[in-house]
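Please construct the entire structure, taking both the sequences and the accompanying hints into account.
Okay, here's what each chain looks like letter by letter:
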Amino acid sequence: MSDRKLQENGLAELQQRLVLLKIGVLVVIGLLALRLWQLQVRDGPYYRELAQNNRTRSILLHPARGLIFDRDGKLLANNVPSFNVYVELNDVNDREVLIQKLVKYLGIEESELSKKFRARGTLTRVKLKGGLTLREAALIESHRLDLPEVVVHPEFQRNNPQGPYAAHVIGYVGEVSEQQLSQEYFQGLHPGSIVGQYGVERKYDQLLRGQAGRKLIEVDALGHEKRTISVEKPQAGHDLYLTLDFDLQQLAENLLGEEAGAIIALDPKTGDTLAIASRPSFDPNALSRGLSSKKWQNILQDKRHPLTNRAIQGLYPPGSTFKIIMAAAALETNEVKMSETIQCHGRFRFGRRTFRDWKASGHGTVNLHKALTQSCDVYFYKMGHRLGIDAIATYASLFGLGKKTGIDLPSEQRGIVPSTEWKQQFRGEPWYPGETISVAIGQGYVTVTPIQMAQVIATIGNNGVAHQPRLVRGVRRRNTGKVETWPMAKAVPLGLNPVFVEGIQRALASVVSEGTARRANSPLVTIAGKTGTSQVVALRADKKKETPKQFRDHAWFVSYAPFDNPQIAVAVLAEHAGHGGSAAAPLARKLIEAFIKKTSEKTRLGQKRERPIL
Amino acid sequence: MRRRGSARNARGQFCDAYLLKGRDTNDERRYTFQGNYVTRSRRFDGVDWGLLGVILSLLVIGIVTIYSVTSNGQGGTFPIFAKQAVWMGVGALAFVIIASMDYHKLARLSYILYGLGLLLLVIVMFSGKSSRGAQRWIALGPVAIQPSEFIKIPLLLMLASYYATQTRSGWLYRVIVPGLLALPGFFLILNQPDLGSSLSFLAIYITLLLAVGVKSKAFGLVLLSALMMFPFAWGGLWGSLHDYQKERIISFVDPAYDPGGKGYQGLQSRIAVGSGEFMGKGLYGGTQTQFKFLPEGHTDFVFAVFAEEWGFLGAVVLIMLFLTLFLLGLDIASKAKDMLGALLAVGVVGMMAFNVVVNIGMTVGLAPIVGIPLPLLSYGGSATIMTMAALGLLLSVKRRRMTLIQ
Chain A
1 MSDRKLQENG LAELQQRLVL LKIGVLVVIG LLALRLWQLQ VRDGPYYREL
51 AQNNRTRSIL LHPARGLIFD RDGKLLANNV PSFNVYVELN DVNDREVLIQ
101 KLVKYLGIEE SELSKKFRAR GTLTRVKLKG GLTLREAALI ESHRLDLPEV
151 VVHPEFQRNN PQGPYAAHVI GYVGEVSEQQ LSQEYFQGLH PGSIVGQYGV
201 ERKYDQLLRG QAGRKLIEVD ALGHEKRTIS VEKPQAGHDL YLTLDFDLQQ
251 LAENLLGEEA GAIIALDPKT GDTLAIASRP SFDPNALSRG LSSKKWQNIL
301 QDKRHPLTNR AIQGLYPPGS TFKIIMAAAA LETNEVKMSE TIQCHGRFRF
351 GRRTFRDWKA SGHGTVNLHK ALTQSCDVYF YKMGHRLGID AIATYASLFG
401 LGKKTGIDLP SEQRGIVPST EWKQQFRGEP WYPGETISVA IGQGYVTVTP
451 IQMAQVIATI GNNGVAHQPR LVRGVRRRNT GKVETWPMAK AVPLGLNPVF
501 VEGIQRALAS VVSEGTARRA NSPLVTIAGK TGTSQVVALR ADKKKETPKQ
551 FRDHAWFVSY APFDNPQIAV AVLAEHAGHG GSAAAPLARK LIEAFIKKTS
601 EKTRLGQKRE RPIL
Chain B
1 MRRRGSARNA RGQFCDAYLL KGRDTNDERR YTFQGNYVTR SRRFDGVDWG
51 LLGVILSLLV IGIVTIYSVT SNGQGGTFPI FAKQAVWMGV GALAFVIIAS
101 MDYHKLARLS YILYGLGLLL LVIVMFSGKS SRGAQRWIAL GPVAIQPSEF
151 IKIPLLLMLA SYYATQTRSG WLYRVIVPGL LALPGFFLIL NQPDLGSSLS
201 FLAIYITLLL AVGVKSKAFG LVLLSALMMF PFAWGGLWGS LHDYQKERII
251 SFVDPAYDPG GKGYQGLQSR IAVGSGEFMG KGLYGGTQTQ FKFLPEGHTD
301 FVFAVFAEEW GFLGAVVLIM LFLTLFLLGL DIASKAKDML GALLAVGVVG
351 MMAFNVVVNI GMTVGLAPIV GIPLPLLSYG GSATIMTMAA LGLLLSVKRR
401 RMTLIQ
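Top to bottom, those sequences are chains A and B.
Take 1 as the starting number for the first sequence in this note's numbering and just add one per residue.
Take 1 as the starting number for the second sequence in this note's numbering and just add one per residue.
If you are wondering where the hints come from, they were derived from the structure by calculation, not from laboratory data.
Don't be surprised by glycine CBs; every beta carbon is placed ideally from N, CA and C.
Warning: the hint list may mix true and false statements.
[What the hints assert, rightly or not] Computed spacing ranges between beta-carbons, pair by pair: (1) B:ALA139 - A:SER114: 36 to 46 Å; (2) B:LEU366 - A:GLU232: 38 to 48 Å; (3) B:PHE278 - A:GLN187: 34 to 44 Å; (4) B:LEU366 - A:GLN187: 41 to 51 Å; (5) A:GLN15 - B:ILE206: 18 to 28 Å; (6) B:ILE206 - A:GLU112: 48 to 58 Å; (7) B:LEU366 - A:GLN206: 47 to 57 Å; (8) B:GLN166 - A:LEU26: 23 to 33 Å.
And the structure:
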């Protein structure tokens, strides 16, 4: 019976504990309910979004970029189909194994591949390689089951049907960089979007790029597409009509050949850029397709700087072409009269320094006309001395030196127009009068870009009325089909005395007919121009010896034609080519002749000089 | 219902009327024979219709959820939900058989049954069927049984009868001896390895220990020594875990760390539960599980599937069903005729509650993912049958709560 009693005691004790156990169960279940409330009610919307992202994949549909045409309607940039391979990062299980496989199939280096796998952000579909060969695409597709996370997409690839010509103008495209995405210009784009990275492609990217579409698909956990939820079609970019004359452009580039330099052809009456060539060049198709980092490094480290557009980024002393501005400045400030003559003995003494003329024996008695024709240095030394650096700077600025011309290309350089203020500000030194003498013949501190000199000569040809150079004359809107013709840049009269301008013009005609640029003399058309030879090294030790190439002078020739009714202004710069008269002038002549032939041919056929846009 | 009037009273005499009394003051039944008829049926007496209703509801929820996850694609000729229905049928049979048996008889067999269970575990160790790095099953024709599930019932019976007969209350007899009894089973299961089952195995022992109580001094000593042993035990335990188990435990710390890797299941499970929101996505509407982002949707993560489809509302109803089950079970324990019955009932509730809490806990990110199925809902023959048998034991305790008074 005592056993039974013990049992009873035990049971009573147990019952007390059972109350505690009940409370424990209640508390634990209550905690679970609380957690469920937290997950499902409080944070429910957050998890709902996660769940939606989980099962839906948003695929960016890249738009076709707008086409680019030259002024005759010749296609300069279009899009061709291409196979691009993507990886869906969400679906990657074993990164290492996948990378090993892809190295084998795609022939990309492992380090480069793993870099792409690291790409972060909202984008989960990362492009691994563009422009797959048919073999590579087939290889990936045949391993479809093995590689569910790897997708081959047929997409548009930017293509320049004219090959390497006009590379610096048209530019190339590439994936938008992370840094670019943070800029306002690239707002609304997604990582992986193709944007213009150079040239017109870059400058007018907002017009050309179009609007990306999106495809929403539902996938299972392995990433296999189950169904399409929605498709928002991409919108192609707008078409661009350039002022460029591709025939001239091609010729200009061929004229430069393998030598470094730049040729610009402008329409002086409108500012239309007919040709803008820079050598050495690059293959825009290769760059648009995407280079391996090694090849890219090679281009960046190339000593000849093929990626530099010398026409707008190359900074050179203008040499004797600067004398045009000197002449205008001296006349406008009444420091000299057209008829005034000075004596040139081949040297100009200033203080303790002697400045020599290029012609050691001197030019004898020279007035302004002869000084320009013969490119007499002494005459302009004196003009420089009379004007002083600040007056020179005022007129150089008036002609547009020291500032961007505003041509519609990115990364244009300004050049330097030195003045007392400039030197104090940038060099922290006072201006020495002797330095003015060098500037007077376009040496010393003064540097210009070829496009600036093209604008200067176009302004002179256009009777002192400047136009901002432009590259685009119209746009065809893809959504409406409407063509917008962009008006030419506003004419800016420089306020020069027409008599003086005419005097300079006549002198420039003589430069070609009897002066330093006789090799530019053409039987087809009257050309006016000015040669320039800008020194790379100040003093040459021995004139008889062959100067090493990198120390040879840059050759300049700026010109316009026809003399009485200018239709084309051409600036030629040939790096390290020697004298302007021998190295640059013939190139300009050939270009001008080709242009004149083409226009007269059009006139004969009854065509308008300029083909209207559509 | 007809019945021959041949019952004996407490004194062993045949009589026409007798009285049964439970431990509660009002809990009594009086039976009188009128001729050959009894006024009240004894056969279904003590059958707890509330308990049966809760169990049935849980089973239905389970099979519907399993059907929802597995209906597309999986299953082949014999779909998974149909298999589960078969297991439930077998489980119901076990439930009825055990409920109708006297738990004292079962308790008398407990040591033999436990020994048999250990034998099976040893067989598993040597010739078990392995899958995913763990050797847990014994192939029996077309089916594979999991002895680690079945041995829980002999363990419960054994420990309950041990405590019920053990009158000495020192910590040696309360803690050490029963602990030593449980230890071989625990290690055999851990060795498979099956962390989840071994933990729920341990939970039975701890529940009973809590129920009988230990003199606080002795229990404190055990706790202290356990804490002191922890680094060593952890070293051994950690070393014996498989890589995937380690990863699961690591990933519990920060599941968002790598969504494609270690914390995947936990994160996907939380997304499934959370995205169900208040009202749920409806049957078959669970995108997380339908598109297989959440693996094991029909086994360990069945709760996530249910919570995604039925939302907070459904999930709360489900845990309330479990709560009702536990409270009913504890009520049975408190009304049990004797210590053995009470301990059995507490043990069943403790074992189930541990599984439910840990399973739901790991689904909602409160516990590490250790691979414990949700009782009555998760797919799995052995676990379902074992749970049903345990519930049968519970009902058996209830049915036999009364003592014959006259």
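Tested hints:
1. Checking the proposed 36 to 46 Å range against ALA139 of chain B and SER114 of chain A shows it holds: the Cβ atoms sit about 44 Å from each other.
2. A hinted range of 38 to 48 Å for the beta carbons of LEU366 of chain B and GLU232 of chain A is consistent with their spacing of about 41 Å.
3. Roughly 37 Å separates the CB atoms of PHE278 of chain B and GLN187 of chain A, a value that falls within the hinted 34 to 44 Å.
4. Taking 41 to 51 Å as the suggested C-beta distance range, the pair LEU366 of chain B and GLN187 of chain A conforms, at roughly 43 Å.
5. The supplied range of 18 to 28 Å is met by GLN15 of chain A and ILE206 of chain B, whose beta-carbon atoms lie about 19 Å from each other.
6. As the Cβ distance of ILE206 of chain B to GLU112 of chain A is approximately 56 Å, the hint placing it in 48 to 58 Å holds.
7. As the Cβ distance of LEU366 of chain B to GLN206 of chain A is approximately 52 Å, the hint placing it in 47 to 57 Å holds.
8. Restraint check, GLN166 of chain B to LEU26 of chain A: a C-beta distance of roughly 30 Å satisfies the suggested window 23 to 33 Å.
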